[in-house]
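All chains, please: the whole structure from these sequences, using the hints.
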Amino acid sequence: MAVSQRALEATGLPRLGRLARVREWWEQEHVFGYSLIVPALALLVGLVAYPFGMAIYFSLSDYWVGSPGEFVGLQNFRDIVGNEMFQQTVYNSFVFSIIAVVFKTVLGVWLAMLLFRDFRFKRLIRGAVLLPWVIPTALSVLAWGWMFDSLYSVVNWTAIHLGLINPPGPNWLGMTSYAMTAVIAVNVWRGLPFFAIIVLAGLVSIPREYYEAAEVDGAGSWGRFRNVTLPLLKPVLAVVILFSTIFTFSDFNIVQVLTRGGPVNTTHLFATLAYQIGLTGGNLGQGAAVSLFLFPMLAAIVFIQLRYIRRE
Amino acid sequence: MISRRRFLKSSAGALAGTSAAFLERPPAFAQKRELTFLTFNHFVPASDDELRRQAEVFAKQAGVTVRVDTIAGPQLFAKRAAQATSQSGHDLIVTGAADPFLYEQQLVDMGDLVAYLGDRYGGWYSFASQTCQTSSGWRAVPWFWVAFPGCYNEAHFKRAGLQAPKTWDDLLKAGKILKKQGNPVGIAISHCTDANISFWSILWCHGGKVLETDGKTPAINSDKAAQVVEWYKDLYANAMEPEVLSWDNASNNRFLLSGKGSWIHNAISPYVAAVAKSMPIADEINHHASPAGPGGIHCATTVNSLAIWKFSKNVSLAKDFIKFLFQKESYNSFITGGSGFNQPPLKSFAEHPIWASNLKYAMLPKEADYVHEQGWPAKPNAAVQLIVVNFVLPDIVAKAINGMPTKRALAWGEDQVKLALQGKLRTEGKG
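Going line by line, the protein sequences match chains X and L. Read in order, the letters of the first sequence correspond to residues 399 to 710 in my numbering. Read in order, the letters of the second sequence correspond to residues 907 to 1337 in my numbering.
Hints listed in this document are in silico derivations from the structure and should not be mistaken for laboratory results. Think of the CB as a built atom: it goes at the ideal place given N, C-alpha and C, for glycine as much as any other residue. Not one of these hints is a red herring.
Simulated DEER-style distance windows between Cβ atoms:
(1) X:Tyr448 - L:Pro951: 36 to 42 Å
(2) L:Val1221 - X:Ala698: 47 to 53 Å
(3) X:Arg419 - L:Ala978: 53 to 59 Å
(4) L:Asp975 - X:Tyr609: 57 to 63 Å
Under the rule of at most 16 Å between Cα atoms (straight-line distance), these lysine to aspartate or glutamate pairs were calculated in the EDC-like manner:
(5) L:Lys1082 - L:Glu1147
(6) L:Lys1229 - L:Asp1025
(7) L:Lys1272 - L:Glu1257
(8) L:Lys1324 - X:Glu482
(9) L:Lys1324 - X:Asp477
See below:
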């Protein structure tokens, strides 16, 4: 410290003059503007572009953990496309994502309409609804794992005691269709608040006058929803569905914690299969190829939806 | 014991010599050297406490600091990959299964240390070289292995008038009676480690194998494997419950500890947990040697080994630390700390008093004579790793149970084995 102060004293005014010049240069619009973007750009390059570039490089090479490989062109892609496990994963991903997003959309709009009403403890409940979205997924999914446990399933226990099913009840995570139902249910439970809160924001922004006008024209509650709420919510809905589709397609935690892709690979998603082949299996090249398959599909979805949003 | 001052004095001389030879590396007098070690959270937490205690003792003796980091086992895959790629991280890491093969080019040769320890402590069991010796040498030092005996509820067996099963067929017969009694047996047929371990064991006992010794030729689609799948189908339908299709590694422990299950193929962890938590069921649980079959007695195991990254700046210190962990006094405390869970890969440590002190542990050290790492008779190479982590073997059984004809399920398995073999991992030996 002492040294730097002495240095400053010694330099005196001319130093300040230089500082003033630097400030003047800094405050020019194009310099200042670009320098504001630099942190974001650095983050994008470091955390998105660089890993993405590496993934492409890995997928085109025979790269194993601990041993850099040679360039093999599209061999990894050819290998996985021919693999029944991967074909199953593609099928799973579509079933999982489509069903989950549809449920999240319908239930999300419904929940948002409920939250839009006036009721006691409105703020508290609106906040509480966000909980599934806020709790770390790995933790909440562990709890779900217990609820679907083969021996101590609270889901089965409740259903049996309500007389809805016969004991011992379904083996949730061990039977193909049940396991898919379970992972979709958890995904919907987790993603619903995101939907509801954003749709709620959309609802709040709809001017009350439209509803009053519709009422004057004799519209019932369904008519108001169909002709006022839904059309005005469309842009918001399109954006939420877009985000949700991306999140759902690339889901990892839920499947990894609940089923690890089982039974017999019927719940594997792109991310879990890529992790399994690339990291635990050590074949980084193929793992990267599996995860990159997500990219063109998501790009197509984003393209279609963004075009739709712009047209709206 | 060497005092810190004496150690510093003598090491100063050694360092002066070394620094003359490697001028670019100045001696680090200013700062205490730190040795870092990464391992998984042990299933018996007291074992980690003992490891940390030993690390402190070594640190004092050597005048360094030793940092032992533990993380959840499944996270190790990503951690190891990240450290190898970035060429930075811990000095010493725990490895297992195919790691010494996958990271062959990144790990220090341990031949000298393996020879030293083998000479000193009665020699290594045969599985040691199977798991840690690649074509270019020893890439890790076997640390401890996990026995997979039959864990059973003696009371349930007595009530049914049954003895502990000696063969897999005995188990099938007993299981049918026990299921009727309301106490089914359980072998996981799902995406978990235990499911893999049991399948390899049962397959070997029936004379089958997944890969030939060369590690390149698939051998899964055989009559012997078909016999095993048929055996599984019978066991599933008549001695087990569908829950085995969704089990994770902890499920079978819960199954036995709940009092419902009568038999599982597992490490001794349910018993250790029951004793630690003073659960009354601990008295009813006992162990017996992993069952045999027409092809003899074999059992799969996981061998945990210690490896040093080539990028480490503390290679000789890390080797000294490993030597310290294998000193008779240290290793004996390690076995006691792990309540008998940590099985020694060196023959002289098998004479530990813990096995004799509790009859329920009596047969554990003998398992060392017939355990193999997954992949045997092939080495646990990259293809074996993919077969294991893709859960190909339990999935063959699950497919057959779900109605696919056995032959077709095995053909599917063979396809998966072939795909796993397609990987072209380059090894140091082959360039």
